[in-house]
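Novice: Make one complex out of these two single chains by using the hints.
The listed protein sequences correspond, in order, to chains A and B.
Each residue of the first sequence is one higher than the one before, starting from 78 at the first, in this note's numbering.
Each residue of the second sequence is one higher than the one before, starting from 4 at the first, in this note's numbering.
Misleading hints may appear alongside valid ones.
[Said to hold, decoys possible] Dumping the calculated DSS-like pairs for lysine-lysine here, alpha-carbon to alpha-carbon at most 30 angstroms:
id: 1; chain 1: A; residue 1: K249; chain 2: A; residue 2: K159
id: 2; chain 1: A; residue 1: K105; chain 2: B; residue 2: K228
id: 3; chain 1: B; residue 1: K281; chain 2: B; residue 2: K228
id: 4; chain 1: A; residue 1: K133; chain 2: B; residue 2: K210
id: 5; chain 1: A; residue 1: K440; chain 2: B; residue 2: K210
id: 6; chain 1: A; residue 1: K133; chain 2: B; residue 2: K60
id: 7; chain 1: B; residue 1: K210; chain 2: A; residue 2: K179
id: 8; chain 1: B; residue 1: K49; chain 2: B; residue 2: K60
id: 9; chain 1: B; residue 1: K173; chain 2: B; residue 2: K210
id: 10; chain 1: B; residue 1: K239; chain 2: A; residue 2: K179
id: 11; chain 1: B; residue 1: K239; chain 2: A; residue 2: K169
id: 12; chain 1: B; residue 1: K239; chain 2: A; residue 2: K176
id: 13; chain 1: A; residue 1: K176; chain 2: B; residue 2: K36
Read the hints as simulated data drawn from the structure, not as lab findings.
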Amino acid sequence: MLIPFVLFFELPLYFVNWMSVFRYLFKKSVEAPAALPYYPRVTCAITCYAEGEAVKSTVISLLEQIYPGPIEIIAMVDGVQKNMATYQALKKLIPVVAKYSKRSLIIIPKIQRGGRVSSLNAGLSRAQGEIFFALDGDTSFDNQMVNSAVSHFRNPNIVAVTGPMRVRNARKTIITRLQSLEYMLTMQVGKLGFAKLNVINNIPGAFGIFRKSFVQKIGGWNTGTAEDLDLTLRIKRYHRRYPHLRIEFEPGAVSHTDVPENLGDFLKQRLRWDGDLWYIYSNKHKYGISAAAMGWGNFIFLLWYGILFQIVMPFSIVIYTVYMVVKLPLHTFLFSMILVYIFYVGLITLQYIFYLALVSDRKWEDCEAVLILPVYPLFQFISRIWSTVAIMNQILNKGHLDSAMAPFWVLKKGKQ
Amino acid sequence: MLIFFSQEKTDLPDHYRDLFEVRHFNDFSDWGKNRVNSSAFIIVGKDQQYSSSLLRKIRRDDEVFASLCFAADPVAPFDNFLLDGQLPQPPALLEAVNQVEDLLKSLKSNDTYITHQGRLIKYLWLRPNFIIQSHHDWQHPRFYRYPLLEALSQDGSDSFEWLRNLANNKIIEASAMIDRQRECAYCRSAHLSFVDICPNCLSIDIKQQASLHCFTCGCVDVQDKFMHSGTLVCPKCHTHLRHIGSDYDRPIENYRCQSCSQTFIEGDVQVRCAMCEKEMQPSELILNEIHSWRLSDKGRTIAFRGEVFDLSSGFDQLDFISRELFIHDLDWMMVTSRRYPNVHFSLFGIYFANLPDLVELFNHARLLQMLESFAQRLRSLLRTPDLSTRTAENMLWLLLPSTDEQGLSGFQKRIESSMNALLEESEYKLDFRFIGISSQNISAKENAPLLLARLAGELL
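Bound conformation, chain B alone (with noise of 0.2 angstroms):
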């Protein structure tokens, strides 16, 4: 079903009709007395206004706000940031309904989406490699304004204040970097005005003069005061200054302060807000990096789960360990077992080689779906003081205490036997490769990080 919305008795070509059912609103009200579902929207009008106050009211909509937006006609620079583009001919438009109600199809339905950063993630989700844009407009206190993020804000909210927090959540990820500026410490504006002033009484009223230093009397002062009828005359010690360097030179200072006459090198800045008035110190000023921005596999695991979703949680009784941590436990390991003979242990590494592939190609919640029931058969392997850590999102690391040569290569078969096991059921091709060391075998010149390094070089 397409809805277009046009305010002339208009109508979309017949060649849409043959494959949507499509309905006419005047208006975003008009279409709200019912609310027929739909697959995308459709403005057609070549009112500016119209279009951008009815993409205004989609992008604010608590349901439809992610919907797919056409325009038939072009809209406003700023209004293009919140369109998903011009109207394609319908077999592109067909491919892309159908993939935004597949990517729907695995979107977790629940609460999330009532605020705003859910509703983000949930645009974001539906539009696979979308990125969010910024859009420079001078009027604007920050230079920098993010048109989408504006839309879905219910509340108005600062576009940067919610960038960062989005980001310190690692939801999105920086794609680009845009522009770097310094803003207000006050007001967060960019409007800057930068004046140099007197270092002595902080008047602005300087003025650059040439000055020169007299070397018999060492006569500092403004080259207009020497000047006699075309020649340079000391005006202390009235030495006729012929040659630089022999009878004169030129100092440093180079700059007068009209109110207190202090001469100096070189003036203090001042930063003055154009928008608070408020006055500053350079030093003072925020720096604000303009980033564009996309959807994080983290971003895009809460969109499917609803949730934080982390391998680690399906770990939960085994400590999913920092890596730093680990390589301490593993060094003290190494240690210990060098030391007393009797002691061994057994280090086993997990390498998810195809895991980013994958995740690119196909449905994301299978997929979580496989991984999370591979781990729950990886934990049922694992005994209590088993510790675990990861290095990278696909390599998994495993310190298996009181674990010899054999009994390493017996985990390794369970655990590949439990992998086969889950492939059978699973459609996809994991590429997944073991690697296990036992404490025997590892060289004495070797510690945790150059043994890990080594062995995850091996994986590869």
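Same shape as in the complex, but just chain A (with noise of 0.2 angstroms):
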């Protein structure tokens, strides 16, 4: 009874992702590196809001980058007459910035706030170097991000190109700790595995690296919420016409980013992603997902990842459980979850001690989600629940049209 959507849905997911990650291991480890020079200027652009003081640290973790080309800094402030904090601190680091080589800064404060989408183009048409990192001013990065997210784009097809994802306030709060372990199976096992089969689920908002002329040619960042997973679909859409076009993952370009610290900041969170899925799954592109557009291996893994697993999963478990309380006997019921949690305890930690043996570049940090292992089905549970909330406001109340990332006047300008 329990067992058939978690064969359909997730063990053939994960076992894919898993083989591919295995397939990229051992190709790197007989492959010998090929580090020819290439170092490009490269322009990070990151969109700052309300981080404040923050945002320095961001800044000086591209200043400090191990990059011997020029790095064009580009910090768009929004709505900068709200978020001065974040502007001045800005403005404190210009003669920080004088002393690193090859290194410069500027600020486009922007008066009229007009969301991420606004200040991300903003910066596109600003920037001068020929890789466009698209960045969040609460994120801040390895210090060889840069070279080696760079050296992709070498290779001519390479259009965009991720990364790992870490949580940077993993140790503050029992949330932030489960986030961290969702971070590191999603964004760095699971990213990996798919970018290696050419179908990444989408590139996040939050660290993007895109060759400049493509995304200028594809007419930059659109109106409208989620508009990270926008951009990745519509490049996948030149997939069949182009299938020599690909996006990358780099596990050598580490991000580090501030997860929301509290229940209710991360259900609002999710109350948006989740929302955002349908969103632009059956508004946005509901005629961009055919095979014709962007080939049968990405059409399958979006029906599969992006319709089944992330869509109509989260609404069969609800209505599975639901049925369960109502159908069976309490004793079977519990004895039923009981053996569902010991299932995912068994799976997550399968997957966790793979990830901490083969995939993490920082283990012994890495080992103190250890101890959250225990309650991450639980977690992973309630996250799914919530999906099925944050659907169902989507579809009856519009949900995009709710988002801190713009205004709404600008929201509203999207594709309804």
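Specialist: Below, the structure written as structure tokens:
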């Protein structure tokens, strides 16, 4: 009774993903790394809002990059009159930038708040670099991030690169620890495996690296929420006509971001993220999800991961659980739930061990997550149930019009 | 009479001859044989060396150093400071000559002008509103030179030293600040070089180096030692340093001495003089302010009296006292009269409202003669215990003990009649104002500075 959806939805996905990761790791261990010098001018565009002093660590981590080429940092401060603290923090960095060679900082104060999309497009129009890094003001980076990400662009077929995102504030609360483990398994392992199959689900908005000429050609970012997923899907639509185009995942390009610290903020964030999935799949890209546009590989992946896993499965879990509560005797229900729990703990532990042994770039730090393993299935269960709330909210409430990412009058102009 | 010097057989245009008698000489020694009296010297000729040597000889001469000198052709920039300008048209020239002759009449002729200080005063006196300008010369040890002072000085003494003495004696006053420069403490040269040195061993062999600080083991070393095939690895504990702020940071010690290996935040600065090659600390350098200068009132006074004239000199028997002492005594009188009602005193102020304007407009000698005779009359009115002071050039105060209201009005009448008698003799409209107050009318809340300020305010 319990087995079917696990079997059909999840296990094959994990299996395929891990196989892809193993193949990558094997290839990496046998192939000699080709490190030909390629150091074009790059632009790091940081979308800033209410980060305040925290934006400094983002800029400094970019200044500290071990990259022989020039790095142009453009910080777009949206709604600058409201976010004076962020703007002042950036201005204080100007003398610091002068101490670094080949690093420059441009601050674009945007008086009229226009949202993330407007900031990114403003940065794109000012960018001088060949490679455009779309970054968040609350995300910082390892000092090899630029170098390892840029090396992929030597191949002219690579149009976009992303990398692992790690949770910077993991130690703060139990909620951040849980998200940290989730990021390890989905952002570090999941994206790596999918990217190697060239079916990456999404280039995150906080950390996307693009060939500037390509993004400019496809018109930059588009109005509406979930502009990152929108752009990823738009890139994927070229796959059929230009099958050589690739989106890469670089495990060495590590970013560190802050995640919500309490349950309320976490749920609010997921309400938007999961709701946006529905908005994008059912609305903006209603006609774009086709094998004719994105090729069979991506089409099947999208159906499977995007539609079945992310949209259908949460509903089936809710319906299934309600069904069991109603139909089964209490002890059978509890027994089934314990079985499910044990199954998931086992599954997560296995993945975690693989991750720690093969993928993790900070093994000692990641060991701390072992304490959270027993709680993690519960967290996943709550997340899934919340997904249905989010999707329902989107369907009934047009939740995408209620986003902190852009003002209402901007969101309204997107495709409804 | 115009003397014009020229090497060629040229002549001044005829319209100069209409107004002046003109004599031509080949050079200064030629003229020196019989030293014909002249109103102005005119140098004609394109040879700058010729005009330069002539100018210098004129300015160094014991008699004619202050004469008007004009050049018909451009001279070297340095020599411009010794000239009275390009040769003007005859009417303007005549006006200039007349002005100098007029001023020369009021100049007290005595032996003062043998000294170079006296020479300078005479030169400036004959040229009202003249500004002693500096000339910027990068090859000169001090960077700034005063060509006029160098020419007028007979012993070639240091211009800055001379200016300092003149300014201390209040003969000249600063007109504008040109520059502020630091000079060698040993030779006063402004040709200095500043070198960063190691604070430990004083070696100049220091280098700016980016350093890193590993959080794991605390190792601080130059960044190059951390670089390992494109990544940062701590040379001591071999930790992979990936993220600034969490794995490593940058220490503030950015400099490293190549000879003693000391790392430091900022090097010391040592100054080396390019002229005397001595080394010193920046704090030892001497600050020199470069000004342009002009003749002060006191300087003008010396010019026509031949000595320092001060209004106070007319008050010798009255002990013309300092302002501070006067205020102190006034305070004491005020306190005394409040305590003892039978003690009276009066305060009397004399203000010459248009004195500064008259100084500008008229012949100094006549004006000062008049003020001196006023001082004499005033002296005859004062008694031995009366105190006087001066709070401004044109503001006199008299403290009259044992003078009540009645006594004060009597004093004022006498001084007014004396002033009027003086004005009848004089051609000048001297605007003088009096104010007096006796101790009965002084408010108990007032003190001496307040009282003086209030009365001075009423006079203005």
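Novice: If a hint holds in the structure, say so; if it does not, say that too.
Specialist: Right, here's what the structure says about each hint:
1. A:K249 - A:K159: The hint holds at about 28 angstroms.
2. A:K105 - B:K228: holds, 28 angstroms
3. B:K281 - B:K228: violated, 39 angstroms
4. A:K133 - B:K210: holds, 28 angstroms
5. A:K440 - B:K210: Violated: K440 of chain A and K210 of chain B sit about 38 angstroms apart, past 30 angstroms.
6. A:K133 - B:K60: Roughly 71 angstroms between the alpha carbons, so the hint for K133 of chain A and K60 of chain B is violated.
7. B:K210 - A:K179: holds, 20 angstroms
8. B:K49 - B:K60: holds, 18 angstroms
9. B:K173 - B:K210: violated, 51 angstroms
10. B:K239 - A:K179: OK: K239 of chain B and K179 of chain A at ~29 angstroms, within 30 angstroms.
11. B:K239 - A:K169: violated, 34 angstroms
12. B:K239 - A:K176: It holds: about 26 angstroms lies between the C-alpha atoms, which stays within 30 angstroms.
13. A:K176 - B:K36: violated, 73 angstroms
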